[in-house]
Amino acid sequence: MSLDAMLQVAASGLLMGLIYALVAAGLSLIFGLMDVVNFAHGELMMIAMYAVFSLWQASGLDPFILLPLVAALLFGLGMAIYRLLIARALAVRFNKGMVQIFATFGLAIFIRGLAQMIFGGEFRSITGTWLGGRTWNLAGIYLPLPQLAASLVCLLAFAGLLLIGRTEFGRALEATREDREAVALIGIDRDRIFALGWGLGAATVGVAGVMLAGFYYVSPNVGANFALIAYVTVALGGFGSLLGALGAGLLIGEVEAITAQLLEPSLKQVGMFAIYLAVLMFRPRGLFGKI
Amino acid sequence: MKRLILVATVAATALATAHARAEDIVIGAIYPLTGNAAQVGLDAKAAYEVEADIINTTHAAIPMVMGKGGGLDKLGGAKIKLIFADSQNDPQKARAEAERLITQEHAIAIIGSYTSATAATISQVTERYEVPYMSADNSSPSLNQRGLKWFFRTSPHDEMFSAAMFNFFTEIGQKTGHKVKSVALFYEDSIFGSDSSNVQRKLAADQKIDVAADVKYRANSPSLSAEAQKLKAANADVILPSSYTSDAILILKAMAEIGYKPKAIMAQAAGFQEQAFLTGAGDLAEGAMSRSSFALDATKSRPAIAPVNALYKAKNNKDLNDNTSRDVTALAVLADAINRAGSAKPEDIRKALTETNIKGSDTIMPWAGVKFDETGQNTLGTPVIQQVKGGVYHTIWPFDVAVMDPVWNVGQ
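Going line by line, the protein sequences match chains R and C.
To get my numbering, take the position in the first sequence, counting from 1, and add 5.
To get my numbering, take the position in the second sequence, counting from 1, and add 925.
Isolated chain C, as found in the complex (with noise of 0.2 Å):
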C-alpha cells in the first residue's frame, strides 16, 4: 500500500511538472525489420522516425502538413509514439503483431508494412479491433477492394502504377514512333507478383499489346537462369518485373549472362526502386525504366522535399526513395487526422481520415493530393515513370514533369 501510494505521489508530481502534458498517441508500425527484406523495413523505421520528430519537436515550419512542428496542437500538444514491430516479413507474425501492438501496446493505428502479403493479414486485424490501418506502401490492389471500413491508403496501387506505365507506353510510342507491340510478364509468386501481372495482363489486352512472355517464379530462388531463358526466348519490346530486390539484381545478372539485353525494363517499382539494387546490378540497371510514387528531383514544385531529404538523410545516409517517401507522408496524413479528430478515439480518427483532404503540393509527393474514397484508397495519387542514368532514378514521364528525355531503344 505504501508502494502504491509513494508511486501515486511521483505520477501525480511528474504530471504536474509537466504542465498537464498530453498523452503520448501510440501508433504501431509493423515492418520486417529482420529477414529477406530487413534493409527496407529498417529503412521505414528511420522515414517514421524522422516524421515523427517532424510533428513533434520544435523547429523552422516544413511547408507540409504536419510540418510545423510542436505536437498535435488539437491535442494540447500531445506527441506521436511509434512502437515498431517486427514482422519477418511473414503474414502469419505480422498478423500476431498486429494483435499485440493493438491489445498490450494500446496503439490507435496501425501503420505498415511493404510487403502486401503482410498487409493483408494486418488489416483483418485491424479491422477486427477496429482501429485504423494506414497502408503506407503496400500496392497490391486487392487490399482495399475487400470491404474494408478501417483499411486507408495514402500511396497509389499498382492497378493505377500499371495504367500510368501503359499511358506512358501510348505516348512514347506517339513521340517517337516506336510502338510497344509485346511485352514479357515477370513476377513472384506472392500476393504483389499476382495481382501486379493481372492488372498488366489486363491492360495488354486492352490495348493490343502481345504478352509474349508469362514467367511467374519463386521469390528468392538460388538462379533465375531458366527465367532468363524464357525472356530471352519471347524477346519482347518490354520487360515488366515485378520483384524485391534479390531478384531484381538476381535476374539482371542472369540475362547479361546468356547475353541478352532487354530493350526496355519497365519495373513495378518494389525492389527496383532500392539503392542495393542499383549498386548490385551496376552499369546492367542503366537504361531501366520504373514507376514511382516518388520524384526526388521534383523539388520546384514541392519545397517541402529538400528540408525533409535532408533531415532523413543525416538519420541514415541515403535520399529518401519511393518507399521511404510514402512513408513519410502516410505519417503525416495519420497524423493530420488524428489531430483534426482532436482525440485519440479509433472512431473518431476514422471520420476524421474519410474527411481528408490535402493538397499535393502540402505533400512532398508528386501527387494530386490526398482524399480516400469509400474503399480507403487515396484516389489523388498520381504515380511518375523515372529511369535510371549514371546510377540514379530521373523522372521521364508525365512530360510535363519530366526533368530528362527517355531513353528509348524500343523499334531500334
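Next up, chain R with everything else stripped away, as it sits in the complex (with noise of 0.2 Å):
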C-alpha cells in the first residue's frame, strides 16, 4: 500500500472516529451522572436528524444555521423524557435496572415507530448545503468537508462539555455523580440536575444527528446503525469518562478503518470488539474509567 494510501485510510479513521465520539458524547453523560444506559440514544440522534431535514425542507436554511436551534428542540426533549418517564422508573422500589431498561428500549421502539408513521420509511437526504460533496484535497489525501466540519463541532462540543464542568453547574452534576443522596443534604436539587443532564445530553446527541444528516441519509432505522458503535465507545473509554469517550470513538474508528484494509471490509468491527473484548475481560472499567 502507498504511503498515501494511508494516510488517507489514516484520515478517514479520524474523521470517522471523532464522529462515533461525539455520538456517544451524550451517552456517557447521562451514564455517568445517573447510571441510567439510555437504549434510546440512537433515536434522539434520529430525532435530531429529522428535525433538522424538516426545518431544511421547510425554510432552505443551510444545516449549521439550524443546528443551535435543533440543540435547543433536544435539549428540551431530553428534559421531558426526563421528567415523564425517566424519573418515574426511577421512582420504582423493585426490579429498577430492569424498569429503566424496558422504558428506554420502549422508548426507541415507540420512536421509531412513530418516525415511520409520520415520515414513511423512505431514505431522505439533505442535498444542496454549503459544504455538501465538497471535498478537500490536501495533496493527494481527500477530506470530505461536511466530515471535517463534524470532527470540528465534535471537538468544539467536547471543549464545551469540558468548561460546563468547571461552572457551578458543572461542579453540582460531578457532586450529584459522585453521591447522589449526600447532595441533597446540601440543597443540590438531584432532580433538576437529573433533568438538565438530560437535556444536555440529549442536546449533544442533537448536534452530532445535525452534523451527520449534512452527508448521511436520514431514515427511521438510521439510530440503530450508531447506537450500537457509541455503546462500546462509552464502555471501551470508561462509563462517565467524557475524555474516555473521546479517546475511545477515535481509537475506535482508526481500529475499524485499518481492520478494514487487512482484512475483507465486512469484517470491519472485528477488530473493534476484540478490543473492546480485551478490555471488558482485562480492565472493566474501561481505557480511561476512573471508578
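Since the hints were made in silico from the structure, they are not lab data.
Hints should not be assumed to be uniformly reliable.
[Stated by the list, open to error] Here are a few chain C residues that sit away from chain R, every Cβ distance over 12 Å (derived from the structure):
#  : residue
1  : Ala977
2  : Ala985
3  : Lys999
4  : Lys1074
5  : Glu1096
6  : Thr1101
7  : His1103
8  : Asp1222
9  : Lys1225
10 : Leu1236
11 : Lys1270
12 : Glu1272
13 : Thr1279
14 : Val1326
15 : Val1335
[To be verified] Cβ pair distances, simulated, as ranges:
#  : chain 1 : residue 1 : chain 2 : residue 2 : range
16 : C       : Pro988    : R       : Asp9      : 55 to 63 Å
17 : R       : Trp135    : C       : Gly1316   : 20 to 28 Å
18 : R       : Ala144    : C       : Asn1145   : 32 to 40 Å
From the three backbone atoms N, C-alpha and C, an ideal C-beta is built for every residue, glycine too.
Please dock the two separately framed chains into a single complex, following the hints provided.
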C-alpha cells in the first residue's frame, strides 16, 4: 500500500472516530450522571436528523444555521423525557434496573414507529448545503468537508462540555454523580440536575445528528447503525468519562479503518469488538474509567 | 344456542343476498413493512393492492393477463383477498409469519418477499405445508435450485441478470471498440450479495475479464469509506454493486468524497432502482447503469404499462419500478393460475402454475413471456439494461428496444 493510501486510511479513520465520539458523548454524560443506559440514544439522534431535515425542507436554511435551534429542541426533549418517563422509572421500588432498561428500550421502539408513521420509511437526504459534496484535496489526501466540519464541531462540543464541568452547574453535576444521596443534604435539587443532564445529553446527540445529516441519509432506523458503536465507545472509554469517550471514539475509528484494509471490509468491526472484549476482560472499568 | 341460531340465520341471509357469492381467495404477502427496507415493502403493498383491484373490480379491460376485471370468472367471480404480514426484513420473523398466514389465515398461496434471505425461510415453510410460494422479486439464483416443489418465480434471477450485463459488455465493446477489461465486485454480506457476486466472478472468468477488486461489506454500516478506498485503488473499468438502498446512496457519496469517479457502474438493481437512491445520490447517480426486469419506457410494445402505471401512480404517487412491476406481474400470474385451476386447492393451483404459458405482450414486462421450468423458474424473463440520465432510468440494451444511446466512458 502506498503512503498516500495509508494516510488516507488514517485520515478517514480519524474523521469517523470523531463522529463516533460525538455520538457517544451524550450517552456517556447521562450514564455517568445517573447510571441509566439510554437505549433510545440512537433514536434521539434520528429525531435530530429528521428535525433538521424538516426545517431545511421548510426554510431552505443551511443545517449550520439550524444547528442551535435543533440542539435547543433536543435539550427540551431530553428534559421532557426525564420528567415524564425516567423520573418515574427511577421511582419504582423493585427491579429498578430492569424497569429502566425497558422504559428506554420501549421509548426507542415507540420513537422509531412514530418516525415511520410521520415520515414513512423512505431514505431522505439533505442536498445542496454549503459543504455538501465538497472535498478538500490535501496533496492527494481527500478530506470531505461535511465530515471535517462534523469533526471540528465534535471537538468544540467536547470543549464545551468540559467547560460546563467547571461551572457551578458542572460541579453540582459532578457532586450528584459521586453521591446522589448526599447532595440533597447540601441543598442541590437532584431532580433538577438530572433533568438538565438529560437535556444536555440529548442536545449533544442532537448536534451529532445535525452534523451527520449533512452527509448521511435519514431514515427511521438510522439511529441503530450508530447506537451500537456508541455503546461500545462508552464502555471502552470508561463509563462516565467524557475524555474516555473521545479517546475511545478515535481508537474505534482508526481500528475500524485499519481492520477494513487488512481483513475484508465485511469484517471491519472485528478489530473494534476484539479490543472491546479484551478491555472487558482485563480492564472492566474501561480504558480511561476512574471507578 | 340462541345466539348460534341467530348467527347462522344472519349468515344464511347474507349468503342468499350475495347470490351465492364465491368465497374470497386468500393470498398471504410477506414483506418488510417496518425496519430498514420498509419503504420497498410499503411500495410492494401498494402495487399488490392495485393489481388486486385490477383483478377484482369491474373496469375497462387492460390488455394483460387477468386484466379484464370482475374477479376470477372460473371460480364464480371470486375475489382475491390479500393479507399482508411484516417480516421486518428478518428471515426468522418471515418464517413465523408464513406459518401464521397458512395456519391461521388459511392462505392458499404466499407471495413475497423482496430480500432473498427472507424468501429462503418462507419457501421452506410453504414446502412443508404444501402451498405455492410465488417469488415476485427475490433474485438469488440459489432459491430455485434447492429441489423445492412449491417454489415458483416469475422474475429472472441474478444469474440471468448478470449474464445480461456481461452480454451487454461484449456488445458495447464491439460497438464502441472500448472493451471491459476489469471489473470490481462490491456486494453486501447476505445471500443476495454473495450469490450475485459468485455468478459475476464466474462470468468474468469465462470472458477473461480481470476481477480487480472483490469487496464484501457489512450491510448498513455507518461508513463505507474504507470500501470506497479499495474500489479507488483497484480503479476497474466497471464497478458491479449488489446493494440495497441505504448502502447504494452511501457508497456513491463515499467514492465522491475521496475524489473517485468510477468509469462505469453496473448495478444488480435492488437499491439502485429505488427513487430514494436517485434523489439521495443526486448528480452522483448520473450515468450509473443497472439491470432491470422492467422498462417503463417500453409503452409501445407493452400497451398495459400506461394504464397500470397510472393506477399505481394515483395510489402511491410514484412510477412503477423494477420491484413494483414484478410484484404486479407475479400476482397476475398467480391469479391466472388459480383461475385456470378453477379451484382453491393448493395442489390444483400448483398444477396450473406448471402449465402457465403467458406471452410477454400480455404482461407489463419486456420479457418474452412466463413459463416455468421444473425448478419453478420462469425461463422467458429477459432482462434489460438501463442508465440514469437526468435523474431517470432509460433503457439502453438490448439495442433493439433501447430508447437512448448508452454513455460509455470505459477506455476513454
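Here is what the structure says about each hint:
no., hint, result
1, Ala977, "22 Å, holds"
2, Ala985, "32 Å, holds"
3, Lys999, "38 Å, holds"
4, Lys1074, "34 Å, holds"
5, Glu1096, "32 Å, holds"
6, Thr1101, "30 Å, holds"
7, His1103, "27 Å, holds"
8, Asp1222, "24 Å, holds"
9, Lys1225, "31 Å, holds"
10, Leu1236, "20 Å, holds"
11, Lys1270, "37 Å, holds"
12, Glu1272, "37 Å, holds"
13, Thr1279, "36 Å, holds"
14, Val1326, "30 Å, holds"
15, Val1335, "24 Å, holds"
16, C:Pro988 / R:Asp9: 55 to 63 Å, "59 Å, holds"
17, R:Trp135 / C:Gly1316: 20 to 28 Å, "22 Å, holds"
18, R:Ala144 / C:Asn1145: 32 to 40 Å, "33 Å, holds"
Of the hints listed earlier, there is not a single one the structure fails to meet.
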